[in-house]
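Residue numbers (this note's numbering): 1 to 667.
Everything labelled a hint here was simulated from the structure, so no lab data went into it. Be aware that a few hints might be false.
[What the hints assert, rightly or not] Result set (BS3-like, lysine-lysine): computed pairs, CA atoms no more than 30 Å apart in a straight line:
hint, residue 1, residue 2
1, 125, 89
2, 166, 477
3, 526, 567
4, 477, 567
5, 309, 274
6, 243, 309
7, 166, 545
8, 93, 125
9, 97, 125
10, 122, 493
11, 567, 545
12, 545, 526
13, 526, 477
14, 122, 166
15, 526, 125
16, 309, 354
17, 243, 477
18, 493, 166
19, 243, 274
20, 493, 125
21, 493, 97
22, 166, 97
23, 493, 526
24, 526, 122
25, 122, 89
26, 166, 125
27, 122, 93
28, 493, 567
29, 526, 166
What you are looking at is a predicted structure, and each value in this text was computed from that prediction instead of being measured.
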Amino acid sequence: MKSLAYLGLFFVLLSLSMPARGDFGRYSIPYQQNVRPRLNLSATPGTHDERLALTRFLVEHELPEAERYSAERQLVFSTEFTDREAFHKLRQKVRPKPDDYMLQSTLAQYDQSLTYLQLVEKLEKYFELASEAEPGTSVAGWIAHDTLAIMTENYDFGRASILVHKAIASLPEDAWVLRSLLLGAIARLYVDPGNSPAIIRQGVAIYADTEARMRQRGRLSEASDSAYNQGVTMLFAFGDDRKALEHFARVDRSSLYYQDANIFAALSQVRTGKPTEAQVRLQQVDLANYPESPGRIHFLQCYMAIIQKRLGQAADLDLCVTLPESTQADVIQHMTDEILQLPLSTAQEFAVLKQFQNFYRKKISPQNKQRMAQSVDGLELARTRAELDRSRYESKINRIKLDLAHKQSQLTSYVALSTIVVLSLVSFGLWRRQVQQHRIQKLQQYLQTRILSRFLPPALVEEIRLGRSRLDEEPQKRTVTIVFADLVDFTAKAELLGPERTARFLNQWMRIATDIIFEENGTIDKFIGDCVMVIYGAPLEITPKAQVERAVACARHLMAAMDDQNKIWTRDFGVSFQLRVGVNLGEAIVGSFGSEKRSDYTVIGGAVNLASRIENMAEPGQILLSRSAASYLDPSLVSSLGTRPIRGMQGAQELFQVRLEELQSAV
1 MKSLAYLGLF FVLLSLSMPA RGDFGRYSIP YQQNVRPRLN LSATPGTHDE RLALTRFLVE
61 HELPEAERYS AERQLVFSTE FTDREAFHKL RQKVRPKPDD YMLQSTLAQY DQSLTYLQLV
121 EKLEKYFELA SEAEPGTSVA GWIAHDTLAI MTENYDFGRA SILVHKAIAS LPEDAWVLRS
181 LLLGAIARLY VDPGNSPAII RQGVAIYADT EARMRQRGRL SEASDSAYNQ GVTMLFAFGD
241 DRKALEHFAR VDRSSLYYQD ANIFAALSQV RTGKPTEAQV RLQQVDLANY PESPGRIHFL
301 QCYMAIIQKR LGQAADLDLC VTLPESTQAD VIQHMTDEIL QLPLSTAQEF AVLKQFQNFY
361 RKKISPQNKQ RMAQSVDGLE LARTRAELDR SRYESKINRI KLDLAHKQSQ LTSYVALSTI
421 VVLSLVSFGL WRRQVQQHRI QKLQQYLQTR ILSRFLPPAL VEEIRLGRSR LDEEPQKRTV
481 TIVFADLVDF TAKAELLGPE RTARFLNQWM RIATDIIFEE NGTIDKFIGD CVMVIYGAPL
541 EITPKAQVER AVACARHLMA AMDDQNKIWT RDFGVSFQLR VGVNLGEAIV GSFGSEKRSD
601 YTVIGGAVNL ASRIENMAEP GQILLSRSAA SYLDPSLVSS LGTRPIRGMQ GAQELFQVRL
661 EELQSAV
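Whenever a hint applies, use it, and build me the whole structure from the sequences.
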């Protein structure tokens with residue numbers, strides 16, 4: 001399966017987290033309690049030392065079945081990123097338990113018989129099952145972390161965005177290491193050099209916050225990783241060598257990125273006229289024992305060759321024209337620009353440009369277009385930018401071909417012909433750029449009307465179109481009211497309906513919900529299957545009291561609409577549904593999250609998680625509210641249900657329900 005080739009970057013993050021990744025679920029308990037204390041490890045053992053000690057222990061001791069399974073399972077996880085040969089032998093030997101979803105998901109990633117869609121659907125299923133089977137642990141979060149690598153490398157940005165937010169919401173409060181890694185996954189999407197500077201800086205801010213938290217907890221290696229990512233972003237996205245060097249200087253030797261930081265720091269130093277410092281950095285590089293994929297080592301060696309050439313030393317630039325297909329997009333773009341500034345042979349220049357051209361052909365392949373289209377607004381923008389870049393380099397390729405023809409023929413007529421063709425290509429390129437600009441303007445108009453109107457009330461869409469309100473604002477803290485409305489037992493009934501009838505039913509439900517939400521001036525954050533998430537208080541600010549009143553009015557309208565609609569659904573589909581609703585008011589981070597390829601106006605924070613958990617606790621036909629929301633309503637409209645524990649959260653919350661007897665006169 002080709003997905004194995006491009007898991008490099010996220011596997012680095014995962015391998016760095018392995019010493020802290022102790023929350024492997026209930027099947028890890030026999031190992032942690034009974035086996036590991038008997039390994040005679042030092043106070044602070046490394047992953048390598050623990051793996052060797054565990055390997056010897058399993059050979060020398062007979063263990064009960066539960067302890068042996070737990071220990072072999074641990075060995076699989078710790079071997080996956082350090083010894084691939086040993087790992088593949090182990091995965092053939094260890095048979096996962098049917099409900100050991102973490103081990104199941106790890107081994108599924110190496111199943112070469114699965115297509116991309118089959119693999120991610122299986123991993124998403126394991127994520128959902130783990131969330132139900134082992135609540136309060138990080139098992140589901142680790143499964144999501146691995147799945148994100150595959151989704152993002154396949155340009156499935158919409159799917160990745162939904163999964164990472166669900167994963168963060170499922171984490172227990174003390175899982176700060178995994179939470180920082182998942183936030184890093186979001187940041188990795190944001191810092192793509194193809195994004196706008198404002199969006200890239202969002203990603204840098206996430207990395208900076210993660211670095212600060214890690215340093216406060218004494219996690220120097222993880223803090224160094226975030227510093228490295230900030231440096232690479234400054235180098236690749238902004239070309240700011242001075243700031244890049246400031247970030248690289250904070251990368252400690254304990255970081256797996258230490259070698260990478262030395263190489264990119266040397267590149268920044270040679271570009272700022274500091275050849276001596278660049279040479280010192282290169283001398284610190286040691287790739288002989290670098291525990292990373294051959295593909296990553298390959299492109300690092302290419303950058304070393306580029307630096308050596310710029311220092312006037314002998315270097316093999318042929319390394320840069322045979323990069324593996326898994327090389328990341330930002331590397332290809334940046335590296336191509338760096339190489340073309342060097343004196344190259346005609347064959348080398350042609351090979352470099354051809355490699356860039358082939359990369360973009362792969363990037364906008366039909367399969368990737370389809371996945372990017374799931375991000376709604378990402379396809380046309382990404383394709384336009386890719387085609388503009390490809391056109392620029394294809395013009396250079398055509399120039400090389402014409403130059404070669406001239407040298408072979410040495411006929412004056414060919415020189416004239418080459419000049420005419422090059423001028424034609426330049427003219428065509430200018431015309432094509434104008435056409436592309438026109439397409440982008442039309443796309444922006446389309447985004448402002450057709451797409452926004454699917455999620456926002458008509459009056460708000462008009463405000464945005466006239467420039468009096470914005471959806472692309474920087475994320476900020478704001479008091480908002482969040483509503484989750486979910487159809488009860490939808491999954492079971494959908495199996496009876498079948499795919500086609502389920503799709504027809506969902507379209508009807510979403511149309512009804514959208515009309516009611518817009519009528520109550522709500523903003524649709526997203527539809528999650530049969531569940532709808534609604535925001536009050538953003539992007540237009542209103543008072544908390546008005547937020548809650550509108551949110552409850554919206555919930556009541558939805559409840560009332562179910563009675564009439566159930567008659568139609570019973571007639572057309574043979575099923576009927578009840579609705580349950582959760583409402584919470586609190587502070588959250590509100591703004592535009594994502595990139596030009598995939599951007600969401602959404603809310604993130606504990607207030608969102610609490611609203612979702614309250615909705616899950618509601619009975620069919622019940623509207624549940626948190627105390628913060630209920631306090632803004634007339635006491636005669638609500639009744640207290642007392643305090644209840646909330647899954648995954650510390651302490652208990654007092655919950656209130658809207659009085660059912662008030663429902664009949666609500667609409």
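Consistency of the hints with the structure:
With a C-alpha separation of about 26 Å, the suggested pairing of residue 125 with residue 89 holds against the 30 Å cut-off. For the suggested pair residue 166 and residue 477, the alpha carbons sit about 20 Å apart, so the restraint of at most 30 Å is met. Taken as a hint, the residue 526 and residue 567 pair is honoured in the structure, with Cα atoms around 27 Å apart against an allowance of 30 Å. As the CA atoms of residue 477 and residue 567 are separated by approximately 43 Å, the hinted pair breaks the 30 Å bound.
Between the alpha carbons of residue 309 and residue 274 the distance comes to roughly 14 Å, so the proposed pair stays at or under 30 Å and holds. Between residue 243 and residue 309 the CA atoms are separated by roughly 24 Å; this keeps the pair inside 30 Å, and the hint holds. Between residue 166 and residue 545 the alpha-carbon distance is near 28 Å, which keeps this suggested pair within the 30 Å criterion. Distance check on the hinted pair: residue 93 and residue 125 sit about 24 Å apart at the alpha-carbon level, within 30 Å; holds.
A hinted pair counts as satisfied when its Cα atoms are at most 30 Å apart, and residue 97 with residue 125 qualifies at roughly 16 Å. Annotation: proposed proximity of residue 122 to residue 493 holds, straight-line Cα distance about 21 Å (limit 30 Å). A hinted pair counts as satisfied when its Cα atoms are at most 30 Å apart, and residue 567 with residue 545 does not qualify at roughly 35 Å. Restraint check for residue 545 and residue 526: satisfied, since their Cα atoms lie roughly 23 Å apart, inside the 30 Å limit.
Distance check on the hinted pair: residue 526 and residue 477 sit about 20 Å apart at the alpha-carbon level, within 30 Å; holds. Under the criterion of a C-alpha separation no larger than 30 Å, the hint pairing residue 122 with residue 166 is consistent with the structure, at around 16 Å. Only pairs whose Cα atoms come within 30 Å are accepted, and residue 526 paired with residue 125 is accepted, the gap being roughly 20 Å. Of the pairs offered as hints, the one joining residue 309 and residue 354 holds, with about 21 Å between alpha carbons and a cut-off of 30 Å not exceeded.
At most 30 Å may separate the alpha-carbon atoms for a hinted pair to count; residue 243 and residue 477 meet this at roughly 28 Å. Distance hint between residue 493 and residue 166 is fulfilled; the C-alpha atoms sit about 23 Å from each other, no more than 30 Å. With a CA separation close to 15 Å, the supplied pair residue 243 and residue 274 stays within the 30 Å bound. Distance hint between residue 493 and residue 125 is fulfilled; the C-alpha atoms sit about 18 Å from each other, no more than 30 Å.
Of the pairs offered as hints, the one joining residue 493 and residue 97 holds, with about 29 Å between alpha carbons and a cut-off of 30 Å not exceeded. Between residue 166 and residue 97, the direct Cα distance comes to roughly 25 Å. Compliance with the 30 Å bound is thereby established for this hinted pair. Restraint check for residue 493 and residue 526: satisfied, since their Cα atoms lie roughly 22 Å apart, inside the 30 Å limit. Restraint check for residue 526 and residue 122: satisfied, since their Cα atoms lie roughly 23 Å apart, inside the 30 Å limit.
Restraint check for residue 122 and residue 89: satisfied, since their Cα atoms lie roughly 23 Å apart, inside the 30 Å limit. For the suggested pair residue 166 and residue 125, the alpha carbons sit about 13 Å apart, so the restraint of at most 30 Å is met. For the suggested pair residue 122 and residue 93, the alpha carbons sit about 22 Å apart, so the restraint of at most 30 Å is met. For the suggested pair residue 493 and residue 567, the alpha carbons sit about 16 Å apart, so the restraint of at most 30 Å is met.
Distance hint between residue 526 and residue 166 is fulfilled; the C-alpha atoms sit about 12 Å from each other, no more than 30 Å.
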